[in-house]
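There are 2 protein chains.
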Amino acid sequence: MFGLGPIGCSIARLAMTRNSQIEIVGAVDSNAKLIGKDLGDILGQEKTGIKIQRNGKALYKNADIVLHATTSFLASAKSQLLEFCRYGLDVVSTCEELAYPWYDNRLIAEEIDFAAKMNNVTLLGTGVNPGFVLDALAVTLSGVCENVSEIRATRILDAAKRRLPFQSKVGIGLSQEKFKQKVKSGNFGHIGLPESIAMTSAAMGMDVDRIDERIYPKIATSSVKTKHFGVVRKGKVIGLVQDAHAYSKSKRIATYHIEMYAGAKDPYDEIELIGVPNISLRIPSGTPGDIATAAIVVNSVPRVVESRSGLMTVKDLRPASSLFTTS
Amino acid sequence: MFGLGPIGCSIARLAMTRNSQIEIVGAVDSNAKLIGKDLGDILGQEKTGIKIQRNGKALYKNADIVLHATTSFLASAKSQLLEFCRYGLDVVSTCEELAYPWYDNRLIAEEIDFAAKMNNVTLLGTGVNPGFVLDALAVTLSGVCENVSEIRATRILDAAKRRLPFQSKVGIGLSQEKFKQKVKSGNFGHIGLPESIAMTSAAMGMDVDRIDERIYPKIATSSVKTKHFGVVRKGKVIGLVQDAHAYSKSKRIATYHIEMYAGAKDPYDEIELIGVPNISLRIPSGTPGDIATAAIVVNSVPRVVESRSGLMTVKDLRPASSLFTTS
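Heads up: the protein sequence lines correspond to chains H and A, in order.
Here the first sequence is numbered in our numbering, starting from 2 and rising by one per residue.
Here the second sequence is numbered in our numbering, starting from 2 and rising by one per residue.
The shape of chain H in the complex, shown without the other chains (with noise of 0.2 Å):
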């Protein structure tokens, strides 16, 4: 377990009910207060003997594969990644731009791809979004179209239930004015869609040319209640809507839409694929994002480990499956 956040931590609740195929070996964290800590300390279970450490080195002999969830970054996660490739592991990471980096990170995906395949390792960056929802999904149902000539994707879902991360990178709570310089400041808001239109229009034989992406704020329209951040006035930033729109010589290929904020009355993800035939495919409700980011890593652990070696992503493995409950 490389990464003890929130998402970390659901990643290794749910990998230690798979005792049939993990067994956690090791934990990482980079934060002084979780260091030395037991591992079910942290996770609020029974103790299991598993020190939390600041550095994996002496951890990764013991180690097949790697759970990794620190950041949304290619360029922090890079280093990591690399390591854990010259020590021999298999990895699945939650690095939203990991997802699909040959479109926005493509010499780091090159060097990764290459130290992957030099150490015979597998790599894959998933989640639910980018890495099933807007992506994985678009590409499994495009296998019923005889062609597309655009996608279009959607993904509505209510922020106010979620981590404090996830709170934080929409803005709740934030002014209008500190909301647009944050957007100015870049690497705020939801990483991964141009990853999820670039894996998807390679999955279909095209090369995206410019993906133009904005951000805009949602502002409460009355006083609402979040998790992390306690009632948020009207006029305040209640969560984000981002458009990605991507073109290939000139022609517009994909539109993407999602809006994640505190109190969305309908959730859905629905995807839209423009050809022959015409065909779209909803999820009510929408797909609960951290359960179900924790449950497509732990997911992914069969198919990563017997894949062939090389940086992977969700379009090139066989679907991740849930296991059946005996109970």
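Calculated directly from the structure, the hints in this document are not laboratory data.
Backbone N, C-alpha and C fix where the C-beta goes; we use that ideal spot for every residue, glycine too.
Check each hint, because a few of them may be wrong.
Here are the simulated distance ranges between beta carbons [claimed, not checked]:
{"hint": "1", "chain 1": "A", "residue 1": "38", "chain 2": "H", "residue 2": "21", "range": "52 to 60 Å"}
{"hint": "2", "chain 1": "H", "residue 1": "213", "chain 2": "A", "residue 2": "244", "range": "47 to 55 Å"}
{"hint": "3", "chain 1": "A", "residue 1": "249", "chain 2": "H", "residue 2": "178", "range": "36 to 44 Å"}
{"hint": "4", "chain 1": "H", "residue 1": "188", "chain 2": "A", "residue 2": "165", "range": "55 to 63 Å"}
{"hint": "5", "chain 1": "A", "residue 1": "231", "chain 2": "H", "residue 2": "22", "range": "50 to 58 Å"}
{"hint": "6", "chain 1": "A", "residue 1": "244", "chain 2": "H", "residue 2": "36", "range": "54 to 62 Å"}
{"hint": "7", "chain 1": "H", "residue 1": "47", "chain 2": "A", "residue 2": "87", "range": "53 to 61 Å"}
{"hint": "8", "chain 1": "A", "residue 1": "251", "chain 2": "H", "residue 2": "41", "range": "32 to 40 Å"}
Given chain H, put chain A in place with the hints provided.
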């Protein structure tokens, strides 16, 4: 191209548009009326120079893969499939019972899998159903679940405009008495429900002990117009309802329900997973069977050609993806 009924012809037409990936080098059918004719004439297109042959043996040396659409039943397809293996050909087949033969046809499955591995070829049975809606999509959706305790799947489709063999197999125009006789005789109704259920269950690590399948007639409550059976009057059969319940250790793990009849007002496909979390997915209007079957067969060519050898199922391979049109 092996088998040039309505589905085989749709596959051939689509394959001919994929000239960056696929070149048709031969065509086989057992229908005496077709033998010797030009494939283009059969497809209602320009001449191709490819004459339909009774036997494929002379063609195999020029081929890499067979697109096979002759029968729903594995016992009928088996000798053809084994011949393809011996000649070193990959196969994508619409044979419903090939989609996941380890439940109802385990011995044949093992024989074909062995022949495939000995000859270093890959076989895949796919289509819309089985092969996509009620299995691949269910497995894919399960990826975001911590666990699943039951799968519920529904497919409602309007049979009024489907191809003749489809309208026949759902009993359109039969009397209720004749319908009951057909059901008793076996080999009637939709083929593939046990295959879809057993594949989905296997992907989630559960063996199915028993599948109870029932077929009921759908009776016209007023006159219904159909493509191949004209107007079907009140009291006659306009299609069927088919239910399957699957059990593992006497616990119900799957409930599948399909309705295929002329005049269905609100067609849709739906997968519902009971688990953590509960999640469902809906395709409004449903996946259009005939177009989509040809599409997923042709879209499966790359994933089959690149696969390791053996008898594969859609749970084992990356998603089939369509191609973007450039027009």
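Outcome of the hint check:
Separation of residue 38/A from residue 21/H is about 56 Å and conforms to the stated range, judged on CB atoms against 52 to 60 Å. Checked against the hint of 47 to 55 Å, the C-beta distance between residue 213/H and residue 244/A comes to roughly 49 Å, which is consistent with it. For the pair residue 249/A and residue 178/H, the supplied restraint of 36 to 44 Å is violated, since their beta-carbon distance comes to about 58 Å. The given range of 55 to 63 Å is respected by residue 188/H and residue 165/A, whose C-beta atoms sit roughly 59 Å from each other.
Here the CB-CB span from residue 231/A to residue 22/H is close to 56 Å, well matched to the stated 50 to 58 Å. Remark: the range hint 54 to 62 Å for residue 244/A to residue 36/H is upheld by a beta-carbon distance near 56 Å. Separation of residue 47/H from residue 87/A is about 57 Å and conforms to the stated range, judged on CB atoms against 53 to 61 Å. Between residue 251/A and residue 41/H the C-beta distance comes to about 36 Å, which sits within the given range of 32 to 40 Å.
When held up to the earlier numbered hints, the structure conflicts with hint 3 and nothing else.
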